[in-house]
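S.K.: Spelled out from the first residue to the last, the chains are:
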Amino acid sequence: MPIISLPYSYLERLTGADRDTIITRLPMMGSDIERILEDQIDVEFFPCRPDLFSTEGVARAMQGFLGLKTGEEQFVVSQSDVRFTVDPNLADIRPFIGSAVIKGISLDNEAILSLMGVQEALHWVVGRGRAKVAIGVHDLDQVRPPFRYYGALKSRSFVPLDFEEEMTLEEICSVHPKGRMYAYIVEDKPLMPLIEDADGNVLSFPPIINGELTRVTEKTRNIILDVTGTDLRAVTTAVQILCTTLISAGGSCEQVSIDGVTWPDLSPTERTVSVSECNALLGLDLSASKIAQILQRMRFFAEPKGDDLVYVRVPCYRSDIMHDWDIFEDVCIGYGYENISVELPPTATIGQEHPVMKIATTVRGIMAGMGFCEVMPFTLTNERVMYDKMQRPRNSKSLRMLHPISEEQTIIRTDLLPVLMEMLQMNKRRELPQQIFVTGDVVEGEVTYQKVAGVSIHSGADFSHAYAAADALMRELGLEYEVQESDDDAFIPGRRASVFVSGTMAGVFGEIHPAVLNAFDLDQPVAAVELDLRVLEN
Amino acid sequence: MALTLNEKLLLAALYEKGNGTPEDLGKIINRDKDAVIQYGYLLEDRGLCQVTREVAVSYVRTLEGEHYIKDGLPERQLYESFDNSIPVAELNNNPLSRIGIGWMKRLGWIAIQNGIITKTGDAPRSHIEAALNNPSSKDPKTVQELIKRGLITSEESISYTIVITPDGEKKAKAGLDLREEVGTLTSDQISSGEWKNLPLRRYDITKRPRPLYPGKTHPYQHLIDEMRRILLDMGFTELYGSVIQSGFWNFDALFQPQDHPAREMQDTFHLAGTMPLPDGWEAIQAMHENGGNTSSTGWGGVWDPEKARATVLRTHTTSLSIQYLVSHKTPPVKAFGIGRVYRREAIDPTHTPEFEQLEGIVMDEGVTFRHLMGYLSEFYHRMGFENVRFRPGYFPYTEPSVEPEVYVDGLGWVELGGAGIFREEVTAPWGVTCPVLAWGLGVSRVAMLKMGLLDLRELYQSDIDWIRKTPTHSGREKKDGGEC
Numbered sequence: 001m002p003i004i005s006l007p008y009s010y011l012e013r014l015t016g017a018d019r020d021t022i023i024t025r026l027p028m029m030g031s032d033i034e035r036i037l038e039d040q041i042d043v044e045f046f047p048c049r050p051d052l053f054s055t056e057g058v059a060r061a062m063q064g065f066l067g068l069k070t071g072e073e074q075f076v077v078s079q080s081d082v083r084f085t086v087d088p089n090l091a092d093i094r095p096f097i098g099s100a101v102i103k104g105i106s107l108d109n110e111a112i113l114s115l116m117g118v119q120e121a122l123h124w125v126v127g128r129g130r131a132k133v134a135i136g137v138h139d140l141d142q143v144r145p146p147f148r149y150y151g152a153l154k155s156r157s158f159v160p161l162d163f164e165e166e167m168t169l170e171e172i173c174s175v176h177p178k179g180r181m182y183a184y185i186v187e188d189k190p191l192m193p194l195i196e197d198a199d200g201n202v203l204s205f206p207p208i209i210n211g212e213l214t215r216v217t218e219k220t221r222n223i224i225l226d227v228t229g230t231d232l233r234a235v236t237t238a239v240q241i242l243c244t245t246l247i248s249a250g251g252s253c254e255q256v257s258i259d260g261v262t263w264p265d266l267s268p269t270e271r272t273v274s275v276s277e278c279n280a281l282l283g284l285d286l287s288a289s290k291i292a293q294i295l296q297r298m299r300f301f302a303e304p305k306g307d308d309l310v311y312v313r314v315p316c317y318r319s320d321i322m323h324d325w326d327i328f329e330d331v332c333i334g335y336g337y338e339n340i341s342v343e344l345p346p347t348a349t350i351g352q353e354h355p356v357m358k359i360a361t362t363v364r365g366i367m368a369g370m371g372f373c374e375v376m377p378f379t380l381t382n383e384r385v386m387y388d389k390m391q392r393p394r395n396s397k398s399l400r401m402l403h404p405i406s407e408e409q410t411i412i413r414t415d416l417l418p419v420l421m422e423m424l425q426m427n428k429r430r431e432l433p434q435q436i437f438v439t440g441d442v443v444e445g446e447v448t449y450q451k452v453a454g455v456s457i458h459s460g461a462d463f464s465h466a467y468a469a470a471d472a473l474m475r476e477l478g479l480e481y482e483v484q485e486s487d488d489d490a491f492i493p494g495r496r497a498s499v500f501v502s503g504t505m506a507g508v509f510g511e512i513h514p515a516v517l518n519a520f521d522l523d524q525p526v527a528a529v530e531l532d533l534r535v536l537e538n
Numbered sequence: 001m002a003l004t005l006n007e008k009l010l011l012a013a014l015y016e017k018g019n020g021t022p023e024d025l026g027k028i029i030n031r032d033k034d035a036v037i038q039y040g041y042l043l044e045d046r047g048l049c050q051v052t053r054e055v056a057v058s059y060v061r062t063l064e065g066e067h068y069i070k071d072g073l074p075e076r077q078l079y080e081s082f083d084n085s086i087p088v089a090e091l092n093n094n095p096l097s098r099i100g101i102g103w104m105k106r107l108g109w110i111a112i113q114n115g116i117i118t119k120t121g122d123a124p125r126s127h128i129e130a131a132l133n134n135p136s137s138k139d140p141k142t143v144q145e146l147i148k149r150g151l152i153t154s155e156e157s158i159s160y161t162i163v164i165t166p167d168g169e170k171k172a173k174a175g176l177d178l179r180e181e182v183g184t185l186t187s188d189q190i191s192s193g194e195w196k197n198l199p200l201r202r203y204d205i206t207k208r209p210r211p212l213y214p215g216k217t218h219p220y221q222h223l224i225d226e227m228r229r230i231l232l233d234m235g236f237t238e239l240y241g242s243v244i245q246s247g248f249w250n251f252d253a254l255f256q257p258q259d260h261p262a263r264e265m266q267d268t269f270h271l272a273g274t275m276p277l278p279d280g281w282e283a284i285q286a287m288h289e290n291g292g293n294t295s296s297t298g299w300g301g302v303w304d305p306e307k308a309r310a311t312v313l314r315t316h317t318t319s320l321s322i323q324y325l326v327s328h329k330t331p332p333v334k335a336f337g338i339g340r341v342y343r344r345e346a347i348d349p350t351h352t353p354e355f356e357q358l359e360g361i362v363m364d365e366g367v368t369f370r371h372l373m374g375y376l377s378e379f380y381h382r383m384g385f386e387n388v389r390f391r392p393g394y395f396p397y398t399e400p401s402v403e404p405e406v407y408v409d410g411l412g413w414v415e416l417g418g419a420g421i422f423r424e425e426v427t428a429p430w431g432v433t434c435p436v437l438a439w440g441l442g443v444s445r446v447a448m449l450k451m452g453l454l455d456l457r458e459l460y461q462s463d464i465d466w467i468r469k470t471p472t473h474s475g476r477e478k479k480d481g482g483e484c
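So the protein lines, in turn, are chains A and B.
Heads up, the first sequence stops at 538 in the working numbering, and the numbers go up one at a time, no gaps.
Heads up, the second sequence stops at 484 in the working numbering, and the numbers go up one at a time, no gaps.
Be aware that one or more of the hints could be misleading.
[As the list claims (entries may be wrong)] Computed cross-link-like contacts, SDA-like style, restricted to lysine to any residue with a CA-CA straight-line distance of at most 20 Å:
no.: 1; chain 1: A; residue 1: K428; chain 2: B; residue 2: E155
no.: 2; chain 1: A; residue 1: K178; chain 2: A; residue 2: L153
no.: 3; chain 1: A; residue 1: K358; chain 2: B; residue 2: E155
no.: 4; chain 1: A; residue 1: K428; chain 2: B; residue 2: K469
For the record, the hints were derived by calculation from the structure and aren't laboratory data.
Construct the complete structure from the given sequences, taking the supplied hints into account.
M.R.: Here you go:
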């Protein structure tokens, strides 16, 4: 989740409350406090609330939460004659662009940092790392409309941000630090998205880098936004959040016409929600007017419509409100989670163990009773441990991860004995004798099931020991069994046997082959047993 | 108290020899050296002998060190990899250059000028090489260097010398009764009555016995079983299911948007092949694209059934809860599961790519958010967390959502899991009309809190000594229960 830095002085000024009040209430508004510093507080908000990624947005919500300023904030958008044209060639490259003009702002350092913060968070959360949405903020007074968003040749050049000389788009992709990070999004396309003004000055090479020309500084008074992307809804959300943030920072918003469509649309959406549905969900008994009052504090416009309905206008920046229940959650937050008295419902049910878990518990008792200590190793392993070191053929039913995190963990275990051998290796320096067991999931094909395995390592760990353990396990499980000479090369020939129950092979036991001991760097004999617990299913 | 036979035997041997090592004395009295040390200390307590303990340090080469004995140290290998001179840039291509160049320079084997490395002579055998061959504490600086470079480790060995004191000599001179005492009684001695005339050896109760380590369940399994018991007591049905899931059940059915980063190969383990979609998948498509028949707008965009067919290792046990719900639509349903889940994270002290998750759901007529908080409070109280509070939370598949926190002395409020009511977008496609309360909890986090663990790996790659020494029960505790 994005971490937002909130400078106290700016936050206090915008909110109209002191920092201690704000810090105390932040967690109950849904924020995790990361750290409290001398002059700022770093907080985390949920990814569904990009409107809280700026000091301005947090102040707006906090004012309502503290009851200092309630109801919806008005966002006025006035006319302008700034126009954009969009090149149809971009349809398969980066089709959507949104924009707006913000005038009359004075961006002090704190406001610029806040703007950069919200931009960064939007890139990450809404923009999916700029692939879905990328944002450019420009000094409008350095360029001349109309603007053109078009597909440019890679040989086109301009001076990118933080550089002094012109570079071609191709060079930017391979040399510029931002190019190296984001070029993958567009570099396989025949044309590169580019925004330029009436005189051919480049504003931006989305989603990679802005031009140096339109850099925003403390002297900037008028801004033009470019928000490009592959998803219209996400582009719209980003434009709405940027515009409302900048309006809250003191700017005034003006329209932009993009191929005849007017941007931005900052009008609220409407919902009429049911009081009884809200109360049924939350377990509260709130009246329509109480719900409306709470929603006003959550910065909605809300008024009761009769006893069971509340009419709500949802501000454009609340892109998380997808469903009536999202409104009810805001009612709950506004009511205060800490004010809800908890209650257990009278639902009468009878608990029931899962049969597989019941068996596992029984098996644990038997193994522990025989003196084995339980271990709980990873289910992710690799073919060297699972098969090669065990002198066993690789299992075609083992599942391989497409992008393993390390060479140690490339497949899901199909057997338990090998992971026990690895545990013995890890504990080689610990006092002997050691007797360990594991019971847990293995996966073959797409089938998950449980096995149990146990090993003993000490100077007297031999076939008789393994046989005795296997015999005791089968007896305690109430299973009649037969044995047959096994051909499992993990064991010494003549000291190995397969366990059969009703004609089906269910397990194996014996004395581990010295070559396997060598492979696991062990220097004492090991007696081992492994059993497929499906044998207990009827 | 009288001397035991063993003490008397040792004293007699010492009287004869004056002093000795436990090994030598052990041979005389036919006991192993550890026993001799023990008797020695007992005699020392009575002022009859003196035990001197000396620690000697010796050095053992690591695997890497052994490797270099064979192939030469990196600086030596690097030195031999070129003739008289070589550009630094070129030598940098050699993987050994990072360690080797600095060392060649420190040892004066090379000079570097204008980016060119030139040999200064024929590189005599360095003190490091000599010390690696025969590490000795006589050259502590070089030995420390080798330890720092990970080429050797130091091992301590302890030796003992036992010397008789004048009091001991006096006592031995006065004569010792060396008649054999009886240790373990035989069956014959017991049944014949012979025991009446035997000198029975006295044992020293001030010495703790050699530890006996019983077989037992893993301390972490113990905690898991405690949670299972609590939920079974609360009337929940236990779930168990496959760790292999389709993207559909792991993500789509839980209203996770298809472009959510958590679904990508970066965060989720994907497996080869695809899995079938269940009947009724079209309702999920509608829900994602436009909210279906609910008041939801959906995520918009296009929902791709191919993406839902992807095979993944489950990232949460909620994939089991939703499937259980789909096949058990009649209220009431109360179910829980504890199982391994998988996230593509590198292993470090606080992250493992697989860990246990606890998952609980309650579906019934008229259950509410307040009841969800009730279940959570009850569960955490039974887990021994007395103070529980609730804060707003966010999870893609619940609304409203809540993050329960428990108060832990020394840590303050600690977030412990997440919960909420399944969104209508999750339940409506299957015709589930009652509210579904749901919560999840990282069990290993609780283990860290309850067992004071600092490193999660201890749970999965356990040191057997840690399991042996972690008690099964946490000592005296308050009992609440149906006392009569």
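S.K.: A separate judgement is required for each hint: does it hold in the structure or not?
M.R.: Hints, one by one, checked against the model:
1. A/K428 - B/E155: holds, 16 Å
2. A/K178 - A/L153: holds, 19 Å
3. A/K358 - B/E155: violated, 47 Å
4. A/K428 - B/K469: holds, 17 Å
Consistency with the previously given hints fails for number 3 only.
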